[in-house]
Amino acid sequence: MKRILYRSPFVPPEWIAAHGFRPSRILPRNLAGSGGPVPTLQGVCPFMRGVIREMCSHTDAAGIVLTTVCDQVRHAADLLRRRVETPVFLMTVPATWQDPAPQALYLSELKRLGRFLVEHGGTTPSDVRLAEFMLEYEKRRSEWRGILSKCGSKACSEHMAAFLASRDLPDASPSQERQAGIRIALLGGPLHLDAFDLFDMIEKYGGTVVLDATETGERTLPGPFHRTDDFHAPPLEDLARTYFETIPDAFRRPNNRLYEWMRNAISERGIQGIVLVRHLWCDTWHAELARCSDELAVPVLDFELGEGHTDLGRAVRIQAFLEVLR
Amino acid sequence: MRQSPRKISLAEWDTRYAEMKKEGLPEPAYGGRLSRHVNNGDYRLKRLSFDNSPASLDLWNFLLTEDERLHESRKAGRKIVGTMKDLGTVPVMAYAFPNITAFYPDGAWWIPCVMEMSAGLLRVADSLGVDESFCPVRAMLGAFVTEAHFPIPDLLVCSVGATCDDFSAIAQRLEAMGHAIVWWEMPHRRTPLTGEPSVRMPGGLEAPVDQVAFVRGQLAKIRHVLEELAGAALDDDQLSAAIRVANEARDLLERLRRLVFTAKRCPLPATELLIAEMLTIHFCSDRDECLRVLGGLLAEVELRVAAGEGLLDADAARIFWVNPVADVRALTLFEECGGRLCGTDNMFLHALDRIPSTGDPLECLAMSALSDPMVGSATDRALRICSDAKTFGAEGIVVSRIPGASHCALEGTIIADVVRSRSDLPVVELEVPPVSDAFSSSLSTRMQALVESIKQRRRP
Amino acid sequence: MICAGIDAGSRTIKVVLLDANTSRVIGAGVTDQGVKQPELALALLSRVCSEAGVEKVQIESIVATGYGRDALDIAGTTVTEITCHARGVREDQPDVRTIIDIGGQDSKLVRMTDKGYVRDFVINDRCAAGTGRFLEVVASRLGVEPQDLAGMAERADSPATISSMCVVFAESEIVGLLSSGVTPENIVAGVLSAIASRIAAMAGRHIEEPVIFTGGVAMVPGMDKALETALGCSVAIARDPQLTGAYGAALLAAEANRFP
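Chains as they are written, first to last, in my numbering: chain A, 1 to 326; chain B, 1 to 460; chain C, 1 to 260.
For reference, chain A alone in the conformation it holds in the complex (with noise of 0.2 Å):
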């Protein structure tokens, strides 16, 4: 079965999946370096020119989708179309979400990457298939928001990270049981799979990670559709409603909701600290720590991911954080 790319957690996997297709959100491994089709330019992200560079290494694959959520990967879609063969697809995801017109522009968006995927081989999914891949998909988030609500654990996001990349199940379920320690949510953009060790260090210092709230994690897993019972209506309809709806982001404007939600997860977890990633140059991210400080009742500390940053430094702050909080 052929592999369509992609990374935003505003791109429906079952959506693909119903076309015929094995979606693969990719994850870079790790950051260094300057090889690869971007160059390593002052102002570039390191972390969306690994996802290229990983991108453009799957030749094999159907297809590649990439969002408008964050400028450098929408220019990134243009870079690719003209660095690799594989057919780029690049979908709008609105920002504002107050009046029914962006909700809408996001339903014909998801219609319209479902020609792009026809048009590369895919099928058109009856209603049925649809709902039946939503459901597996509602199912498996289900799951892991069960585990996650208990644990937070790094293997916890590991199997997330596996399952959207391949749509396999890892060989071990991650572990249940939680260590104890100061409880800390992790709070931003993307982590490569490389930092995925912040959760070990958390934990060597001192912490346990309670809320894994970066966008590879619990927050943009979205709510339970409404009507997974009922699938007579169109279930596009709802599978935009759900994706479009539920997922807190920083990127929306406003972006009060992120902050009602991280409110709420702040005082049902009882969090202590927060951990806010972001990538060098994230813009969208960087702009929300001071507020973050502002307006979450917790200490936040600035953790940066890209080059520039040693292993030691990076142990350093967490350690002096979790110190700060006991």
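For the record, the hints were derived by calculation from the structure and aren't laboratory data. Treat the hints with care, since some could be wrong.
[What the hints assert, rightly or not] Here are the simulated SDA-like cross-link-like pairs (lysine to any residue), alpha carbons at most 25 Å apart as the crow flies:
1. A:Lys111 <-> B:Pro197
2. B:Lys390 <-> C:Lys115
3. B:Lys455 <-> C:Thr77
[What the hints assert, rightly or not] Covered stretches of chain A (in silico footprint by chain B; criterion: 3 or more residues with CB under 8 Å from a CB of chain B, positions within the stretch not fixed):
4. 1-15
5. 69-75
6. 91-104
7. 276-290
Being a predicted model, the structure only gives us computed values, none of them experimental. Cβ coordinates follow ideal geometry from the N, Cα and C atoms, glycine included.
For this one, chain A is given, so just place chains B and C on it according to the hints.
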């Protein structure tokens, strides 16, 4: 009163101004000696050189007194709207209301340059967590905090989506500080699918009908908000009339640009042309006066071209300039290094192109907005640059990166890529911070080298 | 007709004397840069003239280049390093398509047309990570002289990865590598590779051959190989790479006299 064109210093302008006054210089209300703005903190003027025409004096004085006009508007009971990011769309609509004055708070990005950091706006932005990794438009946050540069608007409107992460993030920070914003969505302009209904738009672009309809819907929302603020409805005839006036300004600018870029000798310095482009976007808070100032400048340039007069060396290297500079001193330096402008894309060409004027006026505005070079692909933008560079006979291209602007790093790469694949024009990238004095040596090396390589190519 | 080119670089001043009639280099010299730049340049020029048996008054035309070019009153004309390096390389290698110049404080990549003109160029003078300065910092941290680095790199068996984009932070990284037992030789090899990576980033995707390497850093053995690895193509070192700019300036001085 009229002299041969040349670039003069601020001190020389004072002398010239005194002479012109004696000769009975007619002046607008905001007229006066240019150097008086230095007393208000605009220290950068001392390091610039200026065109010596009375029309350019009006241009500078008009630009540097916008804050006074905004305060007068407030006193006169007019509603003030801060239009953010769209650069050239919402102000057209806002000026259709007789009791609304619109301006771009984004323009604060030049304050750190003009005031040589003395206003402390970037320090305020730093303190709000928006540091130098963001583009200089972060000065806007400082301007809202200090309230020293414009009155706090009655309404803030901001376009988001396929625009710019820096500005979007900064505007969000502003809203979190208590300044409510009406957001409107600007989707990424895409190429129509095969068989999909599409429309031709300004700048030779094409977009799907559905996208134009979507943007029209967003602008309809803004119209409604403006109507509520103004306390009066805006009908299509009024909006069409506003578009006609905006097009008058754009027509003046188009003629001005064409003359400046194609004249045998350069008839106007790059800085004055950049200011003229900026005025056209937002009318500098007085639409009628803006038309008069642009008209005056065009008349002066027409006279110069007809007389074969110019400011720079006749063999100056003809350069197409991409993106605005955070420090206008860089443009003076550029001319000192032997360059002249032969085309610009300062990221708001949609605000300089004529707005379509037949049919539903809101749809016409939507097409104009959707033609924004920033919301389409960088390849589209690069193709327009190639086409304009050819039209104006440019011999080289400068891509000026905006420090901290997240879109610039990759966009510049793509533009250079496309230009190299379509022409043999040399492309040079450079970055200009808000006060570039410390970098003037490295900037001039780049500019001189570009000029040298262009002149080498001219040799038979 | 005798012409001279003076390259007032950030770390050294270079002078080349050219017999324009025969296009032969008749003298050349290098001195360290200092505070009194015009005096240093003049002294060097005098020395080179003396060694070549030429009186200074015999010099008909002088072109100055380098970051300090505007300070040299003895020069009749100033031309940028880009043009001078291009001219200097083109004289020996007319088909050159890419020039990489790594100096003490900056690095440049110049693309040439097939007609031998500068097509365009990229300069890095904002970050020391792609320049000779990086090597100096490393030498200082390792307690060796800069000229010793080359031999050390050749003895490396497993070059370290230096991920920092900033020399200041790279210095901290080196401290960490040393404390974790990485040998100085492997660190130096890693630094050469990091410099080469920065140059590769400047080059972008398309690099046209032949590629000629100029500037003082070209004299560091192993640097050309690091560049070849990073760029994925052959890199040849210019003849007297440290003097290329001054040589080009002298050639331009001769041309200016011939075709004023």
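Structure-based check of all given hints:
no.: 1; hint: A:Lys111 <-> B:Pro197; result: holds (16 Å)
no.: 2; hint: B:Lys390 <-> C:Lys115; result: holds (21 Å)
no.: 3; hint: B:Lys455 <-> C:Thr77; result: holds (15 Å)
no.: 4; hint: 1-15; result: violated (count 0)
no.: 5; hint: 69-75; result: holds (count 5)
no.: 6; hint: 91-104; result: holds (count 8)
no.: 7; hint: 276-290; result: holds (count 9)
The structure fails to meet hint 4 from the earlier list, while all remaining hints are met.
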